[in-house]
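Asks: Required output: the full structure, derived from the provided sequences and hints.
With the sequence shown counted from 1, adding 302 to any position gets you my numbering.
Derived from the structure by calculation, the hints contain no laboratory data.
Just so it is clear, CB atoms sit at the ideal spot from N, CA and C, and this is done for glycine as well.
Possibly wrong hints are sitting among the right ones.
[What the hints assert, rightly or not] Derived DSBU-like pairs (lysine-lysine); straight-line CA-CA distance at most 30 angstroms:
(1) K571 with K588
(2) K571 with K561
(3) K459 with K561
(4) K459 with K502
[To be verified] Here are the simulated distance ranges between beta carbons:
(5) A462 with D591: 17 to 25 angstroms
(6) A359 with T663: 52 to 60 angstroms
(7) A462 with G574: 43 to 51 angstroms
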Amino acid sequence: MQKPYFLNYFQAFLSLFLLAGFFSSLPTQAQCGDRFMLPIFETIDIDNDIEYGSNTAISGNKITLKFDLYQPVNDTAAMRPLIILAHGGTFLAGNENSPDIVQLADSLAHRGYVVASINYRLLSMPGDLAFPLDSLFTLELVKAVADMRSAIRYFKKDAATINQYRIDPEQVWVGGASAGAILALHTAYFNEAGDLDYFKNFDVLAMVESNGGWEGDSGNNGYDTKVAGVINLCGALGNANFIQPGDVPVVNLHGDKDKTVPYNSGWAKALGLNVIQLDGSNIIQKHCDSIGVPSALLTFEGQDHMAHATPENFPKSLEFIVNFLYEHVDCNDLNTATNPNPKNPASKPLVQAQYLPQLNTIEVKYAVSTPATTTTYNNTTPAKIQLVNAIGQVISSQQILANQEGVSVSFPTNYLPKGWYAVQVLQPASNNRIASQGLIVY
303 MQKPYFLNYF
313 QAFLSLFLLA
323 GFFSSLPTQA
333 QCGDRFMLPI
343 FETIDIDNDI
353 EYGSNTAISG
363 NKITLKFDLY
373 QPVNDTAAMR
383 PLIILAHGGT
393 FLAGNENSPD
403 IVQLADSLAH
413 RGYVVASINY
423 RLLSMPGDLA
433 FPLDSLFTLE
443 LVKAVADMRS
453 AIRYFKKDAA
463 TINQYRIDPE
473 QVWVGGASAG
483 AILALHTAYF
493 NEAGDLDYFK
503 NFDVLAMVES
513 NGGWEGDSGN
523 NGYDTKVAGV
533 INLCGALGNA
543 NFIQPGDVPV
553 VNLHGDKDKT
563 VPYNSGWAKA
573 LGLNVIQLDG
583 SNIIQKHCDS
593 IGVPSALLTF
603 EGQDHMAHAT
613 PENFPKSLEF
623 IVNFLYEHVD
633 CNDLNTATNP
643 NPKNPASKPL
653 VQAQYLPQLN
663 TIEVKYAVST
673 PATTTTYNNT
683 TPAKIQLVNA
693 IGQVISSQQI
703 LANQEGVSVS
713 FPTNYLPKGW
723 YAVQVLQPAS
733 NNRIASQGLI
743 VY
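Replies: Structure representation (structure tokens):
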């Protein structure tokens with residue numbers, strides 16, 4: 303059964319929020335507004351085939367390492383979170399144009415993230431075939447991790463020099479699907495000598511040392527490869543104990559009947575063969591719970607590999623990922639007097655929304671005055687107040703009249719799934735957003 307991850311985070315803060323009376327966002331998200339939750343940017347730019355490095359594959363072939371970049375159009379924010387995504391394909395196939403990664407990258411860019419979909423070195427079959435297979439695929443993983451770490455350094459180098467992409471070097475997330483998720487997890491958590499103790503059958507240290515050490519040798523040296531968190535889409539780790547107390551957050555999505563990458567512990571498969579033993583998302587989640595690392599798990603019960611990406615499941619998957627990211631992203635550099643986000647400037651009028659769980663309702667009050675001077679809640683023009691979910695679907699809406707005294711409306715919540723919602727005030731004729739506020743129904 304799916305564990306509602308937001309309960310983990312809000313139990314500690316629930317008393318504080320109840321005293322405050324308003325369920326808004328966490329303190330570091332106070333200026334996010336709809337950004338990172340809703341697709342507030344109508345169009346995005348996609349730049350293809352940008353080179354971030356090069357290196358030699360196991361086959362001996364020289365591989366050019368590239369990414370496609372997705373970013374919102376007309377975004378003036380100076381320091382934007384970056385998400386680096388890697389495709390699946392059992393380390394044998396695939397590229398940065400993988401449809402499931404393209405769909406996710408597009409969806410996240412419309413919400414204000416900068417997203418890079420990368421390629422990385424792959425095995426060539428049958429030429430690279432060698433036994434034991436677990437040693438071969440571990441060596442391939444070491445090389446792929448070197449590539450992703452080079453991509454991280456590429457963007458941090460850019461941020462420190464020409465700043466073409468305007469990313470926040472402290473907010474670089476990595477993620478991927480299947481093999482790409484295995485890659486992202488090891489990039490984030492396989493990074494110290496103690497991790498080598500979990501490999502008993504072959505010399506992983508020799509593999510690491512012959513491929514540039516822990517940082518790898520795929521280029522852009524001189525910058526760190528620390529990440530802010532991981533998006534794990536049906537991936538796994540060599541051992542869940544790679545994750546230590548104080549490590550970065552991880553959001554996990556996985557089918558519990560996955561026959562390719564284990565949901566629990568077991569063998570990952572390629573071409574029908576056992577290739578590497580791993581701890582899957584369920585084990586990762588339990589381990590994170592036990593050591594206090596922020597994490598969440600969405601389980602697709604009875605479903606197989608890549609369940610998160612099916613047409614039926616993708617909207618739910620996207621909402622789950624977006625909710626988790628929103629709890630951890632830092633918006634302090636987005637909405638400022640010198641660097642406003644034009645889609646959600648801090649000077650907009652207020653809408654105040656309060657979730658009242660005991661009444662199964664959301665109470666909304668709308669004010670056109672500033673927060674410092676608001677004492678009554680009046681509106682001078684007609685407006686529409688609507689409740690939307692994390693993927694932008696309108697759940698309910700109500701009209702309010704011009705010059706209506708004491709504007710207060712409510713939305714019932716007893717039929718709503720738990721999660722993040724936004725209350726928005728719109729001009730009826732143009733549908734331009736006047737004000738908005740996020741809250742969580744728990």
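Asks: Hints first: check each against the structure and report whether it holds.
Replies: Taking the hints in turn, this is what the structure says about them:
Pair hint K571 plus K588 holds up; C-alpha atoms about 23 angstroms apart against a cutoff of 30 angstroms. Distance check on the hinted pair: K571 and K561 sit about 8 angstroms apart at the alpha-carbon level, within 30 angstroms; holds. Between K459 and K561 the CA atoms are separated by roughly 39 angstroms; this puts the pair beyond 30 angstroms, and the hint is violated. A threshold of 30 angstroms between alpha carbons decides the hint, and for K459 with K502 the separation of about 36 angstroms lies outside it, so the pair is violated.
About 36 angstroms separates the C-beta atoms of A462 and D591, a value inconsistent with the hinted range of 17 to 25 angstroms. At about 59 angstroms, the CB distance of A359 to T663 agrees with the hint of 52 to 60 angstroms. With their beta carbons about 46 angstroms apart, A462 and G574 fall inside the hinted range of 43 to 51 angstroms.
Checked against the numbered hints given earlier, the structure breaks hints 3, 4 and 5 and satisfies all the rest.
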